[in-house]
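Please take these sequences and the hints and turn them into a complete structure.
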Amino acid sequence: MIDSLVWLLLLPLAWATLAFVLGPGRGAWLAIAGLAAQFALAVDLARIVAAGGVAAHVVGGWGAPLGIDLAADGLSAAMLLLTQGVALPLAIHARAYFKAGDPAGVWFWPLLGFLLAGLNALFVSADLFNLYVTLELVGLAAVGLVAAGGGTQQVAAALRYLFATLLGSGAYLLGVALLYGAYGTVSSATLLPLVTAEAPRLVWIAAGLMVTGLLLKTALFPFHFWLPPAHGGAPAPVSALLSALVVKASFYLILRLWLGPLQALLPSFAWLLALLGAAAIFWGSWQAIRAVKVKRLIAYSTVAQLGYLFLIFPLLPAPGALQAGVMQVFAHGLAKAGMFAAAGVMIKATGQDTVAGLAGAVERLPVTFFAFGLAGMTLMGLPPSSGFLAKWQIIDAALAQGHWVIAVVALAGGLLAAVYVFRVLRQAFLQAPVPDTATAVPRTLEWTAFALAAASVLLGLRGVELMQLVMV
Amino acid sequence: MTSGLLFALVGAALFALGVAGVVLIDHLLRRILAFNLMGSGAFLVLVGLAQRNGVPDPVPQAMVLTGIVVAVAATALALALTRKLHALTGRLDLPEDADD
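The listed protein sequences derive, respectively, from chains A and B. Read left to right, the first sequence gives residues 4 to 475 (the working numbering). Read left to right, the second sequence gives residues 22 to 121 (the working numbering).
Derived from the structure by calculation, the hints contain no laboratory data. Computed from a predicted structure; not experimentally measured.
Derived coverage of chain A by chain B (criterion: at least 3 residues anywhere in the stretch with Cβ under 8 angstroms from a Cβ of chain B; other residues may be distant):
1) 151-161
2) 168-174
3) 178-188
Cβ-Cβ distance ranges computed for the label pairs, FRET-style:
4) L278/A / V80/B: 37 to 47 angstroms
5) V76/B / G26/A: 47 to 57 angstroms
6) A94/B / L414/A: 36 to 46 angstroms
7) L461/A / L86/B: 42 to 52 angstroms
8) W274/A / L100/B: 39 to 49 angstroms
9) A94/B / P106/A: 20 to 30 angstroms
10) L109/B / E468/A: 44 to 54 angstroms
11) A200/A / V80/B: 19 to 29 angstroms
12) G26/A / R104/B: 18 to 28 angstroms
13) R112/B / K102/A: 31 to 41 angstroms
14) T87/B / D105/A: 33 to 43 angstroms
Keeping only pairs whose Cα atoms sit at most 30 angstroms apart, straight-line, the calculated DSSO-like set for lysine-lysine is:
15) K102/A / K351/A
16) K105/B / K102/A
17) K105/B / K351/A
Ideal Cβ placement from N, Cα and C applies to all residues, glycine included.
In structure tokens:
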């Protein structure tokens, strides 16, 4: 019998290493084949978890406290499913995107594999120190991908991102060190009763350090300074991966700490996080409305959409809030991947990267703009998209608990999203002569962007299965 | 004061110094050094706090070894990027972000 849990970690490592050995620019088919297998494994794991509860694996037969325990519950299985589900279309997209000997794509495939191995390992790690290691793996691979373009702006953005991510994981590590000092263990399951029974001041400091470090990595306002240059400057498939998946990894970790070992302490910070989330929604949307370049606009939209994830924390006593958060992670992951992929097509086809330069582009790129519009629908939260389900559940949980402020913020954020989405669409529908710089783009690029955006809308129709999985 | 607690306090001080360096210093090589100081501080806390009755605990030592490997990889990546930036611009600090 194949253990899906283990192969989800081993497969990406294997094809990433092979792609590295094959040499610069090679390994695209290997990656796509590997990702297709990983997607099947993730579906299989989700089935196992939905039917039989938590799936676990003890690496090498050495259990905790000396060895490493891996465990996947409903939340992990859902995140694994999203990761493979976003990465597979993006890999097909990236193969067409980097085809013409683009120097930015030289080491894309090995870095993609290492990034996915890190992400998958993060979602199934059951102890806080192992989570630190996977967090660093994800961070280092992501920095490599940002720098891949090789230009001054990209290298500078990568360095800025690297320092932010190292600072974040450093604070997390110090928190883990303090927790180990206090309790003598880093296993999530063992820590839970200990922390709940007695939490000296040292543990409060540890919790503060860990959450602050993770907020820095999740780019929650006001820690978002590194995100727009890094996500806006990288090649489009890389931006899509970073916005859809990488920032969600540190959010997942906050959620894990919140629901797991630190559940007795963290709710005191709930309103602070929700306040920052609300500020992120307004500030990110405002910057997106003002942005000159398309990819900057989408990057600031990520800052805004991440804000929604933090609105759920004061609502977590209600069961709907966790489902709303996970639904928002899925909605934003799929929609933003589709949107960045579509932006990449627009930039390739028009030869420039400003919103103003898209005038009349819809005639040449109907599928791409359809994809952009569908993804925009999810970001605005229009029915029947998954974004609608996420926002509906946030508002529902907020009103049920009498926190109408949160409902108002969620609604206002949807309106602001409409402003920046329609800014792009309006420009594209203007009458304009076809410029000389127009180049044809491969069909694959347009249709993969479309598939991701369409998935973000269609998920709204199958949201119930996902929510049931999360509650396992 | 036990020696373990002393180690932990020194570690916390080193960590704070390192954070201040990473945040405040512009020169990239110094920032990378500051990051390493930060990491060493965290490792010292990990090993120092975990001593029980003067007997060292082996588990955090294994963790620190792993942490050192991560820190070396991160430092190598930072140095490679710094060299690339130096080759491109001839400078050792980050250019202003060209925010449209």
